[in-house]
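Student: Counting from 6, one number per residue, gives the positions in the sequence shown under this note's numbering.
If you are wondering where the hints come from, they were derived from the structure by calculation, not from laboratory data.
Among the clues, some could well be false.
Pairs of lysine-lysine residues, derived as DSS-like cross-links and limited to a Cα-Cα distance of at most 30 Å, are as follows [claimed, not checked]:
{"hint": "1", "residue 1": "K45", "residue 2": "K133"}
{"hint": "2", "residue 1": "K37", "residue 2": "K141"}
{"hint": "3", "residue 1": "K62", "residue 2": "K141"}
{"hint": "4", "residue 1": "K72", "residue 2": "K51"}
{"hint": "5", "residue 1": "K106", "residue 2": "K141"}
{"hint": "6", "residue 1": "K37", "residue 2": "K134"}
{"hint": "7", "residue 1": "K141", "residue 2": "K72"}
{"hint": "8", "residue 1": "K64", "residue 2": "K10"}
{"hint": "9", "residue 1": "K91", "residue 2": "K37"}
{"hint": "10", "residue 1": "K91", "residue 2": "K62"}
{"hint": "11", "residue 1": "K45", "residue 2": "K10"}
{"hint": "12", "residue 1": "K137", "residue 2": "K62"}
{"hint": "13", "residue 1": "K72", "residue 2": "K45"}
{"hint": "14", "residue 1": "K45", "residue 2": "K137"}
{"hint": "15", "residue 1": "K72", "residue 2": "K137"}
{"hint": "16", "residue 1": "K10", "residue 2": "K56"}
{"hint": "17", "residue 1": "K141", "residue 2": "K56"}
{"hint": "18", "residue 1": "K62", "residue 2": "K106"}
{"hint": "19", "residue 1": "K45", "residue 2": "K141"}
{"hint": "20", "residue 1": "K10", "residue 2": "K72"}
{"hint": "21", "residue 1": "K51", "residue 2": "K141"}
{"hint": "22", "residue 1": "K141", "residue 2": "K91"}
{"hint": "23", "residue 1": "K72", "residue 2": "K106"}
{"hint": "24", "residue 1": "K106", "residue 2": "K64"}
{"hint": "25", "residue 1": "K51", "residue 2": "K91"}
{"hint": "26", "residue 1": "K10", "residue 2": "K141"}
{"hint": "27", "residue 1": "K64", "residue 2": "K51"}
{"hint": "28", "residue 1": "K37", "residue 2": "K62"}
{"hint": "29", "residue 1": "K37", "residue 2": "K51"}
{"hint": "30", "residue 1": "K72", "residue 2": "K91"}
{"hint": "31", "residue 1": "K64", "residue 2": "K37"}
Treat the numbers as computed from the prediction; the structure is a model and nothing was measured.
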Amino acid sequence: MAATKEQTFIAVKPDGVQRGLIGCIIQRFEQKGFRLVAMKLMHASKDHLEKHYCDLKDKPFFNDLVKYMSSGPVVPMVWEGLDVVKTGRVMLGETNPFDSKPGTIRGDFCIQVGRNIIHGSDSVESAKKEIKLWFKPEELVDYTSCARDWIYE
């Protein structure tokens, strides 16, 4: 049971919000069998984004990334399930949509790396850090899904 409690942080970026892809993205995670435990629509501040992307601060694209991510609303989410971090990354596709396979979110909806519509945690450790940055503990909702027994053995 503990393995099914793994959590990941997923965020629909401003281009995904503007293109009306929030529902499509949620649908893919739900249909896979993952459980949504937190979600909100918000404008992320420059300070918040600089904390989120602090590991990229020395990259030449850092300022453009922060500007892009603050250009419109984002939809941060927390998803829960067995191997959700690893599986979520596979579902997203490669960071560069050109390298993403059809059937992945980026492979189906993106053309350029600078407009790749979605962020997903790359490890369990980064997921914990990102969830803590974007959500208060009381914003994570614990409930039992009636579909659980149809998804897990």
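Student: Would you mind marking each hint as holding or not holding in the structure?
Tutor: Results for each hint:
no.	hint	result
1	K45 - K133	17 Å, holds
2	K37 - K141	26 Å, holds
3	K62 - K141	25 Å, holds
4	K72 - K51	8 Å, holds
5	K106 - K141	35 Å, violated
6	K37 - K134	24 Å, holds
7	K141 - K72	25 Å, holds
8	K64 - K10	34 Å, violated
9	K91 - K37	13 Å, holds
10	K91 - K62	25 Å, holds
11	K45 - K10	20 Å, holds
12	K137 - K62	20 Å, holds
13	K72 - K45	20 Å, holds
14	K45 - K137	14 Å, holds
15	K72 - K137	22 Å, holds
16	K10 - K56	26 Å, holds
17	K141 - K56	16 Å, holds
18	K62 - K106	29 Å, holds
19	K45 - K141	12 Å, holds
20	K10 - K72	34 Å, violated
21	K51 - K141	19 Å, holds
22	K141 - K91	24 Å, holds
23	K72 - K106	28 Å, holds
24	K106 - K64	26 Å, holds
25	K51 - K91	28 Å, holds
26	K10 - K141	18 Å, holds
27	K64 - K51	16 Å, holds
28	K37 - K62	34 Å, violated
29	K37 - K51	33 Å, violated
30	K72 - K91	28 Å, holds
31	K64 - K37	34 Å, violated
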